[in-house]
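Novice: The lines below spell out each chain.
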Amino acid sequence: MEKRATFSSTTIGLIFIAPMLLLIFVFFYWPSGQALYWAFTLEQPWGGGNQWVGLQNFQQLLSDPVYWNSITRSLVFGLASTAIAMGVALVLALFTDRELRFHRAYRSIFVWPYAIAAPALGLAFRFILAPEAGLLSVLNSVWPNIWNPALDGKDAMIAVIIAFSWKYIGYNFIFFLSALAAIPRSLIEAAAMDGAGPARRVADIQLPLLTPTLFFLLVINITESFQDSFGIVDIMTQGGPARATELMVYKIYFDGFKGLDYSGAAAQSIILMGLVVLLTIVQFRFIERRVHYK
Amino acid sequence: MHAKFLGAAGMFAIAAMLAGPAMADKTKIDFWFGNTGDIAKRVQEQCDRFNQSQSDYEVVCTSQGSYDASLQNTIAAFRAGKQPTIAQVSDAGTLDIMLSGAFYPAKKLMADMGYAVDWDDYFSGIRSYYATSKGDMYSFPFNSSTPLLYWNKDAFAKIGKDHAPATWEEAAEDFKALKAAGYACPLGFNISRDEIWQYGEQFMAVHGEPIATKRNGYDGLDAELIFNKGKWVQYVKNLKSWYDNGEAVLKSKETGQTFVEAFAAGDCQVILTSVGDHGNIGRTAKPGMNWDVAMLPVYAGTERKHSFVGGASLWVLAGKSDAEYKGAAAFFNFIAKPEEALTWSTVTGYIPVRNSGYDYLVKQGFYDKAPYAGRELAIKSLTASPATADSLPGIRLGGLLQIRQEMANGLQAIFINNADVQASLDDAAARGNQILRRFEQTYKGKQLP
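Sequences listed follow chains A and B, in order.
Going letter by letter, the first sequence gives residues 1 to 294 in the numbering used here.
Going letter by letter, the second sequence gives residues 1 to 449 in the numbering used here.
Hints listed in this document are in silico derivations from the structure and should not be mistaken for laboratory results.
Even glycine gets a Cβ: it sits at the ideal position worked out from N, Cα and C.
Some hints here could point you the wrong way.
[Unchecked claim] Using 30 Å as the maximum straight-line C-alpha spacing, the simulated DSS-like pairs for lysine-lysine come out as follows: (1) B:Lys237 x A:Lys154; (2) B:Lys41 x B:Lys326; (3) B:Lys153 x B:Lys363; (4) B:Lys380 x B:Lys229; (5) B:Lys41 x B:Lys363; (6) B:Lys229 x B:Lys305; (7) A:Lys154 x B:Lys253; (8) A:Lys154 x B:Lys240; (9) B:Lys369 x B:Lys158.
[Unchecked claim] Which bits of chain A does chain B cover? Going by a derived footprint, with three or more residues having C-beta under 8 Å, they are: (10) 126 to 138; (11) 142 to 151; (12) 177 to 187; (13) 205 to 211; (14) 257 to 270.
Use the sequences and the hints to build the structure in full.
Specialist: Structure follows, in structure tokens:
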């Protein structure tokens with residue numbers, strides 16, 4: 001029989017979680033509540049007062065085709081960067097887990113990108129991907145005008161997706177690697193003795209056993225790609241050219257922090273939050289069924 | 001345990017006592033600004049000179065990283081009751097603070113603190129930009145600029161010209177000739193929201209064309225954008241045809257080289273940019289390169305009007321103590337000295353904002369010497385026509401930054417996606433008008449001062 005130490009009194013439990021609850025309240029619920037309130041008002045930036053306008057902010061946004069385009073773009077961005085960040089991280093983790101040469105070094109090196117702040121990352125990628133002076137300018141000297149994120153919306157979108165994925169590859173890598181390490185060696189060795197090659201072992205043993213991690217990372221990556229991309233977009237493209245990289249979260253940042261339209265930005269935040277919640281529900285409802293936790 | 005705690009507390013008390021008297025001597029005032037890099041260093045030097053010039057006040061100057069960040073931080077601090085005494089606000093944020101009542105009007109401050117200021121000493125174009133409809137100044141013009149045309153004399157010599165184009169028709173001929181002479185980038189430009197200033201707003205200013213009704217918004221919050229109905233449409237069409245012919249080339253951070261860098265490197269032969277870049281280009285220009293500046297061209301047959309002042313002004317915020325306001329007034333009195341105007345204009349490219357400062361610079365022979373010659377054209381451009389009751393003093397529109405973004409999006413659609421010029425500009429104006437109506441509704445019941 002398993003022995004557990006539990007608190008008999010609810011009060012003591014509540015006291016223990018109180019500091020954490022307070023932090024969550026101050027840094028999450030309070031600002032969210034404020035945003036929710038502002039979304040239904042027109043707020044003067046310097047605090048001179050506000051007025052209740054009901055659903056007007058939402059009506060204006062949702063009747064604007066440009067805003068719907070930015071929702072579509074955010075979905076494309078989110079799915080593409082999640083696919084790349086998870087796919088590449090998984091491959092890297094599988095190779096590192098096979099204890100190829102220098103795997104110990106890789107284990108720490110691949111995590112570094114996650115520690116880099118988004119604006120610094122954006123600056124670096126702006127240089128790398130610049131069509132005239134960057135490292136990719138070689139491409140243009142071979143095939144003129146094949147790569148130009150400054151003028152081509154698609155190229156610009158690819159550029160921000162690459163920059164964002166690069167950052168999250170490191171984050172995903174460490175989760176995949178620790179999950180792979182938790183798979184009993186005996187299973188893999190048994191499969192090898194039965195004649196399964198590395199690819200077969202990945203497909204039949206490692207991937208099925210990784211599903212809880214895959215699902216967790218999927219939820220996290222999708223959520224982060226909707227929220228964490230404005231720094232990279234701001235430095236690399238400013239939403240351009242011609243709105244090609246105007247993601248929902250960048251528009252919130254621009255309207256709120258640069259344009260001083262607090263209420264419009266608050267309404268957009270609520271819509272974004274709703275969308276992320278909806279996506280998360282969809283994932284738990286339809287994808288989690290295929291996850292084997294045991 | 002107790003002993004340790006008491007010891008630490010004792011140390012803290014001693015430290016506080018040591019620091020205490022030194023701090024009590026001077027009244028400290030905070031000044032937040034948005035400039036970075038070299039200009040930030042120059043602002044800091046000016047603060048140091050003020051601090052050394054007297055012993056009653058100490059101004060603590062802090063760069064916040066950019067105009068936007070500075071404004072954002074100032075607003076956040078103000079809402080939390082921890083605002084600095086002096087804050088720099090750029091042209092795009094002027095209307096919001098003007099309607100907020102969160103400030104101590106400049107004219108009132110100086111009068112209350114016992115300084116006699118000759119407000120007519122400011123250049124009329126600069127004064128009218130920042131003044132209320134009654135002519136009262138609410139803020140102090142600080143770093144002021146206006147755009148100029150920069151041209152490469154060596155390249156123009158190759159096409160047999162010794163002067164910059166004065167009209168856009170002449171400029172079109174020059175671009176064509178430069179292209180024919182083998183120059184890859186006759187005009188370097190960009191179309192992000194940062195360049196709407198010189199390619200849109202200032203173009204309309206020197207042509208006397210309104211960007212919006214109600215005298216560009218000075219006569220009421222119900223102004224409507226009309227930039228899609230005037231000469232600017234033709235200008236955008238011309239710019240697009242130069243771009244299509246390879247006579248105008250997009251140069252930006254995203255392509256790897258900004259148009260200012262391209263001009264300094266000799267890669268582009270003509271650019272339009274702020275006089276504030278004059279010093280920077282002088283320092284970074286390719287050795288031996290001959291270049292000069294000229295006023296923005298106008299279309300043939302247009303009577304040139306004065307351009308608008310750009311840059312930012314300094315606001316004194318509400319809710320501070322009398323002692324702090326005295327310090328702020330002393331600081332403004334200090335930076336208004338002609339000697340300060342000379343130092344400021346020497347180390348930055350910014351222009352003097354008062355006649356007395358300008359006259360002092362002229363008397364010192366500032367504009368005769370090589371690195372600074374040409375900057376007087378900025379003054380000439382700003383005073384090209386008198387500021388009268390019906391002329392356009394500047395732009396006073398809410399959400400100006402977002403409107404610039406809409407205009408930039410319109411231009412990008414035209415230049416990059418080959419969208420129809422008139423339709424794109426109409427769309428930009430319509431979207432801009434929505435921003436104006438939102439702004440008007442946000443400040444419902446408020447009157448423009």
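Novice: Taking the hints in turn, state whether each one holds.
Specialist: Hints and how they fare:
Distance hint between Lys237 (chain B) and Lys154 (chain A) is fulfilled; the C-alpha atoms sit about 25 Å from each other, no more than 30 Å. Proposed proximity of Lys41 (chain B) and Lys326 (chain B) is supported: the alpha carbons are some 25 Å apart, at most 30 Å. Taken as a hint, the Lys153 (chain B) and Lys363 (chain B) pair is honoured in the structure, with Cα atoms around 28 Å apart against an allowance of 30 Å. At roughly 28 Å between alpha-carbon atoms, Lys380 (chain B) and Lys229 (chain B) fall within 30 Å of each other, so this suggested pair holds.
Using a Cα cut-off of 30 Å, the hinted pair Lys41 (chain B) and Lys363 (chain B) holds, with the two alpha carbons roughly 27 Å apart. With a CA separation close to 19 Å, the supplied pair Lys229 (chain B) and Lys305 (chain B) stays within the 30 Å bound. For the hint linking Lys154 (chain A) to Lys253 (chain B), the alpha-carbon distance of about 18 Å falls within 30 Å, and the restraint holds. Taken as a hint, the Lys154 (chain A) and Lys240 (chain B) pair is honoured in the structure, with Cα atoms around 22 Å apart against an allowance of 30 Å.
Proposed proximity of Lys369 (chain B) and Lys158 (chain B) is supported: the alpha carbons are some 26 Å apart, at most 30 Å. Figure legend: the stretch 126 to 138 of chain A, annotated as covered by chain B; annotation consistent (8 residues with Cβ-Cβ distances under 8 Å, at least 3 required). Coverage of the stretch 142 to 151 of chain A by chain B holds. Counting CB-CB distances below 8 Å, 4 residues qualify, and the rule asks for three or more. Check result for the stretch 177 to 187 of chain A against chain B: violated, 0 residues qualifying (beta carbon to beta carbon below 8 Å, three or more required).
Check on the stretch 205 to 211 of chain A: 0 of its residues sit with their Cβ under 8 Å from a Cβ of chain B, so the three-residue criterion for coverage is violated. Residue count for the stretch 257 to 270 of chain A with a Cβ under 8 Å from a Cβ of chain B: 7. That meets the three needed, and the coverage hint holds.
Checked against the numbered hints given earlier, this structure breaks hints 12, 13; the rest are met.
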